[in-house]
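Colleague: Each chain, letter by letter, is given below.
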Amino acid sequence: MEHSVSISRRTVLKGFGATGALTAAGGLAAPAIAQGASVLKFVPQANLANFDPIWGTQYVVRNASQLVWDTLYGVDDKLQPQRQMVESEEVSSDGLTWTFKLRSGLKFHDGEPVLAKDVVASLTRWSARDPMGLMLKAIQQELTAVDDKTFKWVLSRPYPKMLLALGKAGTPVAFIMPERIAKTDPFKQIEEYIGSGPMKFARGEWKPGALAVFEKFKDYVPRSEAPMWLSGGKIVNFDRIEWIIMPDPATASAALQNGEIDWWETPLSDLVPVLKKNRNIKLDIADPLGNIGSFRLNHMHPPFNDVRIRRAVQIALSQEDYMRAIVGDDTNLWKPCPSFFTPGTALYTETGGEPLKGKRDIEAAKKLLKEAGYAGQPVTCVVAQDQPITKAQGEITADLLKKIGMTVDFVATDWGTVGQRRASKNEPGKGGWGMFHTWHAGSDCVSPVGNIAIRTGGEKAWFGWPDNPAIEAEISKWYDAKTLDEEKAILSNVNKMGMEHVTYIPTGFFLTYQAWRSNISGIVGGPTPSFFGVKKA
Amino acid sequence: MLGYVLKRTLATIPVMAFVALFVFSLLYIAPGDPAAVIAGDQASPEDVEKIRKSLGLDRPFVARFAEWSLQVLRGDLGRSIFTGLPVTELIAQRIEPTVSLMIVTLILSILVAIPIGVVAAWRAGGWLDRGFMGFAVLGFSVPVFVVGYLLAYVFALELDWLPVQGYTPISKGLWPWLENLILPAIALGFVYIALIARITRATMLEVLSQDYIRTARAKGLGETAVLFMHALKNASVPIITVIGIGVALLIGGAVVTESVFAIPGLGRLTIDAIVRRDYPLIQGIVLMFSFVYVLVNLAVDLIYTLVDPRIRY
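Protein chains in written order, with the working numbering: chain F, 1 to 537; chain U, 1001 to 1313.
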């Protein structure tokens, strides 16, 4: 269905209806938006249910926050941190003292200048929540404002990944807030939404679950470089960006086809063929870094506390089955991923990934289970049904485990319950769990920085609590690596050791589309939807 | 009458207290953890625990219930765990779309269903009756979301007469307001029309067999006057009861309809709150809906006295 005419039947009906409206309402209602204002209507991946990027680390919060709060650095499409609020930085020859200078003209939305003390408070709050921030905090000697524009971070040992920590896209991002807001307890939500980014948050129009509005901040001074992902000039060509929350994909699809919205971040793969047929709609990969599906096992309790049983599942698991269940038959949208790292990125490695390659071996898996003395203990699969990705993976898993002779206790539930239950360290039969599914954003899996799923610190590790000090030691080495070759060598080891330990089982790499009206230009795929440089004809 | 209204109004207090305790208890024992949802998928178990503590979710049931009850008595429904905004503000933001949807649906349903029911009873056993009752069966059988998607496809996507989604406040004009409500109201009203039409038919059939109807016809009164002035008035008590009960049906249906048509109303707010385990918000919404339902029942009881002079309180 095409809508190329400028005056639709509905517009004509509106014209007739306006007469009635004038009579009934006693005159014209005041327009909410100034005449001639340019508006972009965007449907995000999820509801913006809170708006504190340090307290709540959901991707949708980060994506909205990049409009309102600025960062010291931002990664480009090569995942290299580039200066954003910072004008220059200097590191002492011993690598222990970092001195940063802010660029001129930075202002908060309340008109106050951005000062070094604001940065210090913001980094203090961020470093209490972020894994890299926590590492920095552990070796921090001093984090102080030298003058209004300069701040200094003194460490007890060198930290070569400093700029990446300050510019990474993974949550929580080191956003800069005014000192009075940044002093909020990092485990409590902020109540003021003042940033120094290119858009102001229209708090009065915020209807969580329905609408979030961002208005252009006239005093924002963008960098001169071209925008690329989270780096470069944050030029916004709209007076207003409306985030319209649409939980129903069919409704979002129809609204896009009807021209009621401009841009839809995550079209359901089932609806993509319909959108592709509409010449007024363009589609492209939303984020080339994609996602890695995950089969997360509980290392603490039987049966998966035995590495042989974990390996039995690993050698039988077919990534193709999982990927086709998630994205359908579009082979452009997935590829095998015998790795814990993001395909196509500098540190990607398949070393040790052999168990996930080639023909799947059900018989060998059965044999391994027998060797391990598996005696039919049920595997409690806690599977969220309200997330299409976890639901699809769960169905494949139930079938796979039965095929290799395991007993399946399938708990079909919602994501809220999975979130609670996976934190339980009880035995599976007593409120605990055996496995659950999730997926990791490719942008988090480019390195160990955001890739918490590969960590094996036992009780301190992510849910499932894999315990392998040797892998942890190897990951620590990566943080000290100075060259790319060094980093690659270390991560090859990490991948090999993780596959042997079966820290978790990647179920494949998959991509998703984004869709927009053809009168919109400048949309670039990336780890976050980037509004910078986007135009509407 | 005034005494009766006062008595009924006071009776809402224990009802509301019971609802409050019931909802609070239910949410307390229900699985799910808002702290885990807030922290996000990447958060460590320690971070989730710290957030849980900061929200006071680690405190015992009695302490939490006592604190919340005192808040409610002061007219404060608390703050949403997720947004940090007052529950009253969130509900206030969403009331207009839902009330608008319910009013339009109610008016549409009554205007369509009652004539259908009356005519079906009048022509009982005929093709008109069978046709209308077939429509009613369809109304009961087809889910709201199916009707919604079909309407949106035909009237919004194909014909481009109406918008697919959204809501425009009435302050921006009657047509912009109505334009967004027509399709959702038809979708939501489908089952409601079926219900009212069937009850109207059944009660009309009974009334039409009464002696006074025969008398009215015998004295030469026109059929329209017999049906709508005599018969319908005497059949109205069960119809009003069903319309009242149907308000609960509408509240339930609004949840689905608002999702299908992306209307930012209370139905969607309820779903979002449940999915995220936003306890104060769920409690606030359920309390409000219970209160509305109690009021609707009171209104229905009072309307009885208007249509049937024999009923006195």
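Hints are computed from structural coordinates only; laboratory data are not their basis. Just to be clear, a hint being listed does not mean it is correct.
In silico lysine-lysine, BS3-like type, Cα no more than 27 Å apart, as pairs [as the list claims (entries may be wrong)]:
#1 1053/U to 183/F
#2 183/F to 117/F
#3 335/F to 359/F
#4 1219/U to 183/F
#5 1053/U to 425/F
#6 1050/U to 425/F
#7 335/F to 425/F
Colleague: Does each hint fit the structure? Answer for all of them.
Modeller: Evaluated hints:
Between the alpha carbons of residue 1053/U and residue 183/F the distance comes to roughly 19 Å, so the proposed pair stays at or under 27 Å and holds. A distance of roughly 11 Å separates the Cα atoms of residue 183/F and residue 117/F; the hinted pair therefore holds under the 27 Å criterion. Taking the CA atoms of residue 335/F and residue 359/F, the gap is near 16 Å; set against the 27 Å cutoff, the hint holds. Distance restraint check for residue 1219/U and residue 183/F: the Cα-Cα separation of roughly 86 Å exceeds the 27 Å cut-off, and the hinted pair is therefore not satisfied.
Our distance criterion of 27 Å between C-alpha atoms is met by residue 1053/U and residue 425/F, whose separation comes to about 18 Å. Proximity of residue 1050/U to residue 425/F is assessed by CA-CA distance (about 17 Å); at most 27 Å being required, the pair is judged to hold. Under the criterion of a C-alpha separation no larger than 27 Å, the hint pairing residue 335/F with residue 425/F is inconsistent with the structure, at around 34 Å.
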